Amino acid sequence: MSGPDEVRLSFEADTRNISLARTVAAAMAARADLPVDQLEDARLAVDEAVSQIIVAAPAGAEVVCIMSAEPGSLSITVSAPGTHEPSRTTFSWTVLNALVDSLDVQLADGRLTFMLLIERADVDA
Amino acid sequence: MSGSTSWTGESRAREHELLRLLVTAVHDRAVIRDELVTMHLPLVRHLARKYADRGEPFEDLLQVGTIGLITAIDRYDVERGNELSTFATPYITGEIRRHFRDKAWSVRVPRGLQELQAPLREATDRLTRELQRSPTVGELSAALNVPEDVVLDAMEARHSYSASSLDQELEAGTFALPSIDTALDRIDERETLGPLLEALSPRDRQIITRRFFDEWSQRQIADELGISQMHVSRILARTLEQLRAQLQEPAD
Chain D
1 MSGPDEVRLS
11 FEADTRNISL
21 ARTVAAAMAA
31 RADLPVDQLE
41 DARLAVDEAV
51 SQIIVAAPAG
61 AEVVCIMSAE
71 PGSLSITVSA
81 PGTHEPSRTT
91 FSWTVLNALV
101 DSLDVQLADG
111 RLTFMLLIER
121 ADVDA
Chain C
1 MSGSTSWTGE
11 SRAREHELLR
21 LLVTAVHDRA
31 VIRDELVTMH
41 LPLVRHLARK
51 YADRGEPFED
61 LLQVGTIGLI
71 TAIDRYDVER
81 GNELSTFATP
91 YITGEIRRHF
101 RDKAWSVRVP
111 RGLQELQAPL
121 REATDRLTRE
131 LQRSPTVGEL
141 SAALNVPEDV
151 VLDAMEARHS
161 YSASSLDQEL
171 EAGTFALPSI
181 DTALDRIDER
191 ETLGPLLEAL
201 SPRDRQIITR
211 RFFDEWSQRQ
221 IADELGISQM
231 HVSRILARTL
241 EQLRAQLQEP
251 AD
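Chains as they are written, first to last, in this note's numbering: chain D, 1 to 125; chain C, 1 to 252.
Be aware that a few hints might be false.
[As the list claims (entries may be wrong)] Pairwise CB distance ranges (calculated):
1) Gln117/C / Pro4/D: 15 to 21 angstroms
2) Ala25/C / Ile66/D: 30 to 36 angstroms
3) Asp104/D / Val26/C: 27 to 33 angstroms
4) Ala108/D / Glu59/C: 51 to 57 angstroms
5) Glu79/C / Pro81/D: 30 to 36 angstroms
For the record, the hints were derived by calculation from the structure and aren't laboratory data.
Bear in mind the structure is a predicted one, so any value in this text is a computation, not a measurement.
The beta carbon of each residue, even a glycine, is placed where N, CA and C say it ideally should be.
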């Protein structure tokens, strides 16, 4: 396979769908060759990001989750319609920030997007 | 008596009266609902009996079945005109099945995945010692000689352990009880979160603090407490879910 290995999920903003995204995150973390403790972090991070975005999204909105695996790194974006950026001083943000190596939020064209990156800890850069 | 088949015309008339009352009731909803629940307990008992020999206490099945019945009563639409017992049956069996899905993992986890649990744990421990880090799924797959997706399934299945089997796992280590006050300073919800964290067991609180405030890895926390990384991961998932639910509850 050439280039990053990418999977796109699209689902209704309903908490029932969180476990779906979590399971796919674990599978993609495995493809990115992350150690299992970081794989579990990826699962928790997607859980947290998708939960946050569902709470903020209007009922029935579409959540799009794109996960891209490369050797030693997994990048994940989670987006849904949104009008304001989340506070960076909540417990949820603290949790998310601790689980990933890089965390960013973008608000553009009425969509809120979380961008997460998890990189393998033991690999020399 | 099984189901509602032995009902007299009298009890059926009473049921219809109660269901109509429930639509308009404001203050006595609980009383009306209780009577409806009592009337349909034989149905719950009848349905629960079908699942009685699968290793869960019958009382628990009755309890979750009753939750399904209450949900059905709340959602029942008098105008539709079908029988409440017919309407409620899928809700009752749904709750009972969900109970098995949540609690009794041995019922739903395929045998092969169960049998893989011990080798998976051993391989994870051995590789962690050899590599001085957590192994990857690929490394576990090679060590166990099973495909990667089976390793993933086995890991996922492990998440389905009930809370009680989690707590039966070793309780080891001493708890340094890092101060959560300073960590909480940066958090908006500190006044709500503080007491919630205080209410956790010392072990769970330490795991949450280490991972999210001190930003230790799961591996480091596992080493400090002398428990497996998988165990740390399950406690994190469970505790986070609990805290998230509690934080979203409206304050009284």
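Status of each hint after checking the structure:
1. Checking the proposed 15 to 21 angstroms range against Gln117/C and Pro4/D shows it is violated: the Cβ atoms sit about 33 angstroms from each other.
2. Checking the proposed 30 to 36 angstroms range against Ala25/C and Ile66/D shows it is violated: the Cβ atoms sit about 49 angstroms from each other.
3. Hint check: Asp104/D to Val26/C, Cβ distance near 49 angstroms, so the stated range 27 to 33 angstroms is violated.
4. Restraint check, Ala108/D to Glu59/C: a C-beta distance of roughly 54 angstroms satisfies the suggested window 51 to 57 angstroms.
5. At roughly 35 angstroms, the beta carbons of Glu79/C and Pro81/D sit within the given window of 30 to 36 angstroms.
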